[in-house]
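There are 4 protein chains.
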Amino acid sequence: MIVVMRTGVKEELVDKVAKKLVENGFQIHLSVGVERTLIGAVGDKSHYMDLALEAMEGVEKVIPILAPYKLASREFKPDDTVIRIGDVTIGGEEIQVMAGPCAVESREQLLEVAEMVRERGARILRGGAFKPRTSPYAFQGLEEKGLEYLAEAREKTGLLIVTEVMDTQKVAMVAQYADILQIGARNMQNFPLLREVAKCNKPVLLKRGLSATIEEWIMAAEYIMVSGNHQVILCERGIRTFESFTRNTLDLSAVPVIKELSHLPVIVDPSHSTGKWKLVQPMARSAIAAGADGLIIEVHPKPSEALCDGPQSVTPERFSSIMEDLQKMAVAMGRTI
Amino acid sequence: MIVVMRTGVKEELVDKVAKKLVENGFQIHLSVGVERTLIGAVGDKSHYMDLALEAMEGVEKVIPILAPYKLASREFKPDDTVIRIGDVTIGGEEIQVMAGPCAVESREQLLEVAEMVRERGARILRGGAFKPRTSPYAFQGLEEKGLEYLAEAREKTGLLIVTEVMDTQKVAMVAQYADILQIGARNMQNFPLLREVAKCNKPVLLKRGLSATIEEWIMAAEYIMVSGNHQVILCERGIRTFESFTRNTLDLSAVPVIKELSHLPVIVDPSHSTGKWKLVQPMARSAIAAGADGLIIEVHPKPSEALCDGPQSVTPERFSSIMEDLQKMAVAMGRTI
Amino acid sequence: MIVVMRTGVKEELVDKVAKKLVENGFQIHLSVGVERTLIGAVGDKSHYMDLALEAMEGVEKVIPILAPYKLASREFKPDDTVIRIGDVTIGGEEIQVMAGPCAVESREQLLEVAEMVRERGARILRGGAFKPRTSPYAFQGLEEKGLEYLAEAREKTGLLIVTEVMDTQKVAMVAQYADILQIGARNMQNFPLLREVAKCNKPVLLKRGLSATIEEWIMAAEYIMVSGNHQVILCERGIRTFESFTRNTLDLSAVPVIKELSHLPVIVDPSHSTGKWKLVQPMARSAIAAGADGLIIEVHPKPSEALCDGPQSVTPERFSSIMEDLQKMAVAMGRTI
Amino acid sequence: MIVVMRTGVKEELVDKVAKKLVENGFQIHLSVGVERTLIGAVGDKSHYMDLALEAMEGVEKVIPILAPYKLASREFKPDDTVIRIGDVTIGGEEIQVMAGPCAVESREQLLEVAEMVRERGARILRGGAFKPRTSPYAFQGLEEKGLEYLAEAREKTGLLIVTEVMDTQKVAMVAQYADILQIGARNMQNFPLLREVAKCNKPVLLKRGLSATIEEWIMAAEYIMVSGNHQVILCERGIRTFESFTRNTLDLSAVPVIKELSHLPVIVDPSHSTGKWKLVQPMARSAIAAGADGLIIEVHPKPSEALCDGPQSVTPERFSSIMEDLQKMAVAMGRTI
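Protein chains in written order, with UniProt numbering: chain A, 1 to 337; chain B, 1 to 337; chain C, 1 to 337; chain D, 1 to 337.
Source of the hints: derived by calculation from the structure; they are not laboratory data.
Please note that a few of the clues may not be correct.
The list treats identical chains as one, so a pair stands whether inside a single copy or across any two.
Stated by the list, open to error - Under the rule of at most 20 Å between Cα atoms (straight-line distance), these lysine to any residue pairs were calculated in the SDA-like manner:
1. Lys302 to Val14
2. Lys302 to His29
3. Lys302 to Asn24
4. Lys328 to Phe76
5. Lys16 to Glu57
6. Lys16 to Thr315
7. Lys19 to Ser227
8. Lys20 to Gly86
9. Lys259 to Ala67
10. Lys199 to Gln169
11. Lys70 to Glu155
12. Lys202 to Pro78
13. Lys16 to Lys328
14. Lys61 to Ser244
15. Lys170 to Lys199
16. Lys259 to Leu30
17. Lys16 to Glu108
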């Protein structure tokens, strides 16, 4: 890191900062300029945040040089992480499509959707049993009953199951049923939950928070990895901006950026990010063209009767059309689907 | 709500929407214009989100007319809510200052700060025992030991205690020690946590999420209130914007807006919002001038040795100066402090 | 539009609003509910903004139902606008690539780039003669000399020329040289400039403002169209958000949204939006997959010697690779390039 | 500045960067770490942006240490700039209130408002003769006729005149009538306009752009100052964020930040930033408490008949009440009004 001292600062203040750095195991390097004195410091980047250097007299600002994450970084592990669950791989050559309803609503609804998305090429079934809803008056999910239906759908179709967990007290229960545990956007920085999901030996789908920077998002993955679970799949799902025509703004640049900074696989959610079923198809294509390893798409047999997020769910017919488009995209990208 | 149908939509599609609304207990009102047909619907606003009307054929958009919250609204309860804990009131004529370190670091540090802020006029002591940190490598708090020190500080000084809880599994423990339970910005939409804190009969300090709209923030309060606890204090602490000179952008307009929409008390955190101790004093004054019912301020005996958020903590001397300014502000506003 | 009156409003205030609407040529429709009285009003949407209804006593809010633009809307003109300049079409089946340096730096540089991008398939040459720079100390462009070089490059290569104009006093001069006049992001709401470029009978490339909503962007196009020039090409170039890893956040959802709301062609600038040459290639592919009609890409023979925006300029080699990728994308999308 | 080289970069690439810096007059300083090699460079900060170092092979990023502005900086001129026009000072001990209608609508309207705001303590009259409107169908201002009315109002009341100019071709005309030239938010980076207003020897009121960082805003002031006019008044008027309850988000932290970084006076516009007359009063108080040197407030005799921005205009009665509040705030702040 670089510590920038204020103009005309007294030497003793520079010495104090230097001393604190050395005491904390940093090697330092002084650079006295006409306008500013800089102190370069090399050492354990994971500790610098606790030093409160900005609070020391004479310090103008502290500029980090290295990224604050390690295990998730491309520098630490140059090769792509490929997550394998049975014969399904995420992060390899094959593009994976996770599809299903926003919420598990009933046994019939779920089995119908499961069968339908499997036929059209999806390998993983999505569906919420615990739903984070902005309103306490909205449908909150079928809870364990929903998990049972998901397990039944897996048995019937061979699809893998991805479903959200929101509470540390429910992690063990959800892990009994799910193949992939989903951390929703609102919980990206729910640190006790990140530590808890790390304990079960299952892949974790980590959605980007609505206002999370790419760095904070990777740091959230680092929380899971440092607790012993390296099977993290990142999911871009839109960030909050001033534009309100779409529900959120899908940040597709994040896909190649993640590929540069990290070795973890990254997928895209074109349903929640746009909030409109009409935009799911072009954004699904666009995500693959940006280099995403997969997609998570909301499909509902009758979107207008969905208990949750109907406006962004696509019909089975539309889903077929999306899968055809993705085939062409896979060819263009030299990948399979 | 108003349902706007697409241009040139067939009558049968309008009928379908109308029928669904009526079946769900809404009274409807048709308005056929040259360019658009509108369906006005009056009924239980808390249910409309589950209707998925936007997913019905022919629907262009659905425009809510009424706010989605009820218990927290000024319409429901026109008089200001005043929360009383012992002889301390929040939301009344008196301005309350909560002050203390970002994190409880040691028994000595906490007792020293507690004594010092009490002398200068604070009635409530803040201090984190569980700390949500962006990095897994940063100091995470003293946990229950920290809570014990807080309880000891209360006994010694008579100050009330406000401290954060992050995990549903720790709510009962934190509630044993704290007078006010704090929900941090990152957990504003941690719905299981909101329901859990509602169960203990203690006031809740609900910080605004980094990218939460005012409406979503009030909805989070509604989650707590609908679960039976009406003692909610809202806390504006800055929102995330493109401006990076300050840590976040303090949205002081939110103070009079909350006062208009809701009866709940609202305080301001000038420390986390700005991230810079130099800005705490002007923003503290500014918050009171905007009509806030109180402040929560980070104070540390030696900010440069703080284990957490030192750069935004003020020294005891600076805190004295802030309290003098607030005295003048209270006079200008016709309030006491 | 819908005028929502406050709860418990007196009848005479409702009457006043109704009267004002009728006097201004609106047909009205009253809907008296239990909680709110609504006044629906149908009439000339272009005038409602001048009515200041929100300032009338008893009015809670005014909700527009129809979009405020007309000439640019898909409703007004259902078929795609295809702009033809010689044998080049923009907005049709063919994808157009505009390429060239950020700034015209010298005759040699420009001719070299022009030849090079033409060989690789571009039909339109970009290059700034007037540069809007954040710093007054940065290179501001070669001005008319730059325009002359652009004209020479056109003569030598047959490429069309697109270049920016920033000042109403320079519109006539730039129009003498350019085939397409570019309005930069910072000038999207420079209304005198929009009116001035409308006067010359040349296509206008209208970049989206950094913080412009899609609606405001279309309204800026409407300014040009209402002044008599219907040849407007929209260009998405990233919006300003909290994410600072990329220079701006490329909003690719805007592409299908524009296609739904308007008949105008839309292209994408992957260079300015990301600010990093490494991201230009994936984002160029992604833009085409989203349905864009073309791209505008910064190419420089030696980016590290560029006088402007070198970090986001691609080398000739990289540009070849991008064009190969775009070929595959065109096939996948059923278009030509 | 600090140039951060990529991990494991070859020495010759470091040498190339070093050479380029030296050739451009920078003194350099090498720091070879285990993980990164850094090149510190000291020299003319105003030129570094043209070096395109990020485009050189091996460079990871370039981190500026010094602010890119000079004339506007507090370092360059430690004392507050106080602008004097007749016996009115802006930036000194006295708080100045500029008030008047959004747009000049008629001679009668303007004279009535002028008289009224003067009586209540304003010294400067605001009023737009040229209006930047999002819609081409909205009222665009009375143009020169409006300027004449403003001049007449000055003669009758002794108030100074501040009014907006949007087009380089109109600067000379507006300067004939106005005492202070206003650059609106949409034109903050209209660089030809900034250079043009710098030429007339009159103070310039520079509004912050909707998505301008504080640094970009100061750089816009630098454009005016470098062209020879040092009489710049900065005006915070809200930034664009995700929050849509208010028209924009008033960034009051910007006030003390500007005071730290620059010597220029700074005022606040509580009308445009909030878009709601109810919020004008609390935000006006709040701005003064934050340290602002003045306010610019929209006042209209009958807001519901205003041709522009009625919803955010206050009535004469409300304006009286605001002025009373500001009196108390001035006392609390140790200033006069």
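Cross-check of the supplied hints:
no.: 1; hint: Lys302 to Val14; in the structure: between (67 Å within a copy, 18 Å between copies)
no.: 2; hint: Lys302 to His29; in the structure: neither (65 Å within a copy, 26 Å between copies)
no.: 3; hint: Lys302 to Asn24; in the structure: between (61 Å within a copy, 18 Å between copies)
no.: 4; hint: Lys328 to Phe76; in the structure: neither (34 Å within a copy, 34 Å between copies)
no.: 5; hint: Lys16 to Glu57; in the structure: within (9 Å within a copy, 37 Å between copies)
no.: 6; hint: Lys16 to Thr315; in the structure: between (65 Å within a copy, 18 Å between copies)
no.: 7; hint: Lys19 to Ser227; in the structure: neither (33 Å within a copy, 46 Å between copies)
no.: 8; hint: Lys20 to Gly86; in the structure: neither (51 Å within a copy, 44 Å between copies)
no.: 9; hint: Lys259 to Ala67; in the structure: within (15 Å within a copy, 32 Å between copies)
no.: 10; hint: Lys199 to Gln169; in the structure: both (13 Å within a copy, 16 Å between copies)
no.: 11; hint: Lys70 to Glu155; in the structure: neither (38 Å within a copy, 43 Å between copies)
no.: 12; hint: Lys202 to Pro78; in the structure: neither (23 Å within a copy, 50 Å between copies)
no.: 13; hint: Lys16 to Lys328; in the structure: neither (62 Å within a copy, 37 Å between copies)
no.: 14; hint: Lys61 to Ser244; in the structure: between (35 Å within a copy, 13 Å between copies)
no.: 15; hint: Lys170 to Lys199; in the structure: both (13 Å within a copy, 18 Å between copies)
no.: 16; hint: Lys259 to Leu30; in the structure: neither (35 Å within a copy, 30 Å between copies)
no.: 17; hint: Lys16 to Glu108; in the structure: neither (69 Å within a copy, 24 Å between copies)
Comparing the model with each numbered hint stated earlier shows that hints 2, 4, 7, 8, 11, 12, 13, 16 and 17 do not hold.
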